[in-house]
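I would like the entire structure built from these sequences, with the hints used as guidance.
Counting in this note's numbering, the sequence shown runs from -12 upward without gaps.
It should be emphasised that the hints constitute simulated quantities derived from the structure, not laboratory data. Built from N, CA and C at the ideal position, the CB exists for glycine as well. Hints are supplied without guarantee of correctness; some may be wrong.
[Stated by the list, open to error] Beta-carbon label-pair distances, calculated as ranges: (1) 25 to 204: 29 to 37 Å; (2) 55 to 33: 46 to 54 Å; (3) 300 to 280: 36 to 44 Å; (4) 357 to 280: 32 to 40 Å.
[Claimed, not checked] Below, a list of computed lysine-lysine pairs in the BS3-like style, where the Cα atoms sit at most 25 Å apart: (5) 226 to 213; (6) 139 to 199; (7) 100 to 139; (8) 302 to 173; (9) 226 to 199; (10) 302 to 199; (11) 173 to 233.
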Amino acid sequence: MSPAATLLGRRARRLLSTSLPPDLTYRDVFEAHKRISQYVEQTPLDFSHSLSAAYGCDLFLKKEHVSRTGSYKERGALNKLLSLTDEEKARGVICSSAGNHAQAVSYHATRLKIDSVIVMPEPTPYVKVKATKSFGGRVVQYGAGFAEAYEKALEIAETENRTFVHAFNDRDVVAGQGTVALELLKQNAYLDSVIVPVGGGGLIAGMALVLKHINPRIKLYGVEAKAMSGMVASMEAGKVTKVPRKLSICDGIAIETVGEIPFSIINRLVDDIVLVEEDEVAASILTLLEKEKTVVEGSGATALAAIAYNHLPVKGQQVAAVTTGSNIDMTVLSRIIEKGLVRDGRIARISVTITDAPGQLAQVLTLIAQARANVRDIEHERAFLVASVQQTQPIVTIETRGPDHIDRIMKLLRDNGHTSVKLITPKV
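So this is what it looks like as structure tokens:
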């Protein structure tokens, strides 16, 4: 082990020593609820008629993404801040986060007149960095991922004698996150299954303490992004296990090393954790946008993705899916919408080889217009076309009403002599 790693280990143990067991219980969550309830509003649990019909269950969405800072994270952060001594508050706090925990600490520390420093990875979406700064915290961007930002935050915490507020490996934070479950059972006492996104594990661990105490028959499922599945890897290994950093649309739960405290709870109380693909999450973001008029980030859509793509046995049940956050970068959202429209056949690209002469392209476009499709873009291919030098191959991007409409357009072109027309299928 390198000297730097040894130093980091000692530093982390010292700074986090107050966050280690004795074991958490549901009583800690009840106390947290009393502590934070005057500051945090209850989030809605809404029944979705359209999604219930689509997926064969009575589906309720626990909309944590409508919280003031755009995620459930403010529950745990606030509970931690309210648990500090006056001396700790005076020294200030620091945290490391990819975004949602950062905003929560920044917002509530400012409300409580506590100075805060937030260390965020360099690739953090701009919307999260901007929001964190607007809430009053001092932002330091460092490192390629959470692990590097975490190390930097520990370093600053020691240098400036600040209290470190961990995003998930902290008993007060876990207890605060668990208050989601108290609200959930108050809003619907007849749930069969609850589905929760999993990153570091703080949310599902806190919820498990409540759900399994009050109603042990409720099935509690976690969902991780397959690209970074640290909790599943840890459960398979029987101990907390670091996974390699990878790009994921679920940046809010893309954690290399899960928390020891959440892991010990999850291992005992959570029924199962399933993995979802990036494309499944992207499609679920679009589904929530179209069907529920709701914007969520990648992490917030993982629970729905697990239902939509049959990763969990919830047919015929009353199910609650937690939409954990809404802090998505608009450029990412626009790409998701575009890809979703392509996948649904509402945007298509067709190529057709024609004679390179005046009027030929106009004829193709006229036929597309007759089919009531809208042309978005046209590209010409000449140099790399394997055909006569007297031919060209326009590639036309069109807006359609779906796969059947595309088929009618292709038939119309072929019936009018354009037998070389092809549909360009995107690589998934």
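Can you name, in rising order, the numbers of the hints this structure does not satisfy?
Hints 2, 3, 6 and 11 contradicted; others consistent.
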